[in-house]
Amino acid sequence: ETGVTQSPTHLIKTRGQQVTLRCSSQSGHNTVSWYQQALGQGPQFIFQYYREEENGRGNFPPRFSGLQFPNYSSELNVNALELDDSALYLCASQISGGGDTQYFGPGTRLTVL
Amino acid sequence: DQQVKQNSPSLSVQEGRISILNCDYTNSMFDYFLWYKKYPAEGPTFLISISSIKDKNEDGRFTVFLNKSAKHLSLHIVPSQPGDSAVYFCAASVRVNNDMRFGAGTRLTVKP
Numbered sequence: 254e255t256g257v258t259q260s261p262t263h264l265i266k267t268r269g270q271q272v273t274l275r276c277s278s279q280s281g282h283n284t285v286s287w288y289q290q291a292l293g294q295g296p297q298f299i300f301q302y303y304r305e306e307e308n309g310r311g312n313f314p315p316r317f318s319g320l321q322f323p324n325y326s327s328e329l330n331v332n333a334l335e336l337d338d339s340a341l342y343l344c345a346s347q348i349s350g351g352g353d354t355q356y357f358g359p360g361t362r363l364t365v366l
Numbered sequence: 024d025q026q027v028k029q030n031s032p033s034l035s036v037q038e039g040r041i042s043i044l045n046c047d048y049t050n051s052m053f054d055y056f057l058w059y060k061k062y063p064a065e066g067p068t069f070l071i072s073i074s075s076i077k078d079k080n081e082d083g084r085f086t087v088f089l090n091k092s093a094k095h096l097s098l099h100i101v102p103s104q105p106g107d108s109a110v111y112f113c114a115a116s117v118r119v120n121n122d123m124r125f126g127a128g129t130r131l132t133v134k135p
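Listed in order, the protein sequences are those of chains A and B. Numbered according to the numbering used here, the first sequence spans residues 254 to 366. Numbered according to the numbering used here, the second sequence spans residues 24 to 135.
Chain B with its partners taken away, still in its complex shape (with noise of 0.2 Å):
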């Protein structure tokens, strides 16, 4: 079963604009969610990371958003550069476990 699902394969923004993923999940025992991004032929890697008990998370350009009743977060990018292309992972667990469920990543290309 799917627990995280990202919807859109692929996303493509202007440079300078804001980029937005989506990512929803079906596991209401969820409390920790990340987002991951990947370069090819590299692992991911670690960008931001939001707890249950808020419902933003700020670094940098990057803003993570949770909104537990619809069980949603999105991925805020502003503003988008062209280094930012890369195949974005939306994550999540239950902290006491150790199960990380991924989502199946959107390619994100931002143009110049």
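Looking at chain A on its own, in the form it has when it is part of the complex (with noise of 0.2 Å):
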């Protein structure tokens, strides 16, 4: 069984630039989470995806979007990136769509210069 998998694992891109970050669920997981963690703080979230469908979301402006595949993977867009986008981006599965305990991929770290 392999655990939640996130691609790439550090980026760096300039502000006003557009950036997709990729996630794998865990085997068997249906559901995908997306967090932001700035340095020092705990992780908060983005939003969630549920069957291919966004199935909540934080207080994280529409230039964040996201996609679920029918196999589950998801991405998490970025557009118009801003400095204080720079941060630890985490991705986690659950088997259902909410309620339930998340597993934590090891995170993108997204630098904006």
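Treat each hint with caution, since some may be false.
Chain A side only, calculated, beta carbon under 7 Å to chain B, not exhaustive [claimed, not checked]:
1) A291
2) G311
3) F313
4) S339
5) A340
6) L343
If you want the footprint, here are the derived chain B segments under chain A, 3+ residues with CB under 8 Å [claimed, not checked]:
7) 63-74
8) 122-134
Calculated from the structure, these hints are not laboratory results. Beta carbons are placed, not taken as given, at the ideal position from N, Cα and C, and that holds for glycine.
Each chain sits in its own coordinate frame; assemble them with the hints.
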């Protein structure tokens, strides 16, 4: 059984650019959540996808968007990057649509210059 | 707004002794609570959880206590081992929702 994987590991972008981060969920998991973890803080919920539909969203602007594919893998897209978007982006998967334990990937470290 | 708070950024204990990590929350709708452990360059690893219908849950050396009236939970690690040194995050959610809220974390150092 493979765990949650994320790519790339690290990424450097400049302000105003767009970025796509990828996540493969753990085998058998149909739900993926994305989190942003700034330095010295806990992860903050961005949104969740369940069966290819957005299933809850945190307090993030619309330039943060996502997709989930039929194999339950997921993408996080961020447009018009800002310096404050520099953070560790974590993906977590779980079995059902809500309320169950989430299992995290290692994260993608995004630096915006 | 920070609905989950971990007021101690760091904790240092001696190997073999008890580690107690604390967490407070403000949202009385939370009904599911979790502790995650995070090593550098890795994602958070699930440790233990507790539902609001319980006040205690044990798993080996790890016990989580929930005091709903005080909106407080704690993680006890007995005995502490050097391998337990990591950042511990407390998290809470309303199970019908999907918005899991995390505290800022407590860095635990267990000294040999």
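Checked hints:
Hint status for A291 of chain A relative to chain B: violated, with the closest Cβ pair at about 10 Å, above 7 Å. Because the beta carbon of G311 of chain A sits about 6 Å from the nearest beta carbon in chain B, less than 7 Å, this interface hint is met. The interface hint given for F313 of chain A is broken, as the beta carbon of that residue sits about 11 Å from the closest beta carbon of chain B, more than 7 Å. For the restraint placing S339 of chain A at the interface with chain B, the shortest Cβ-Cβ distance is roughly 17 Å, beyond the 7 Å limit, so the hint is violated.
Taking 7 Å as the C-beta contact cut-off toward chain B, the hint placing A340 of chain A at the interface is violated, the least distance being around 13 Å. The criterion of a C-beta within 7 Å of any C-beta in chain B is met by L343 of chain A, whose closest approach is roughly 6 Å, and the hint holds. Counting residues of the segment 63-74 of chain B whose CB falls under 8 Å from any CB of chain A gives 7; the rule of at least 3 is met. Coverage of the segment 122-134 of chain B by chain A holds. Counting CB-CB distances below 8 Å, 7 residues qualify, and the rule asks for three or more.
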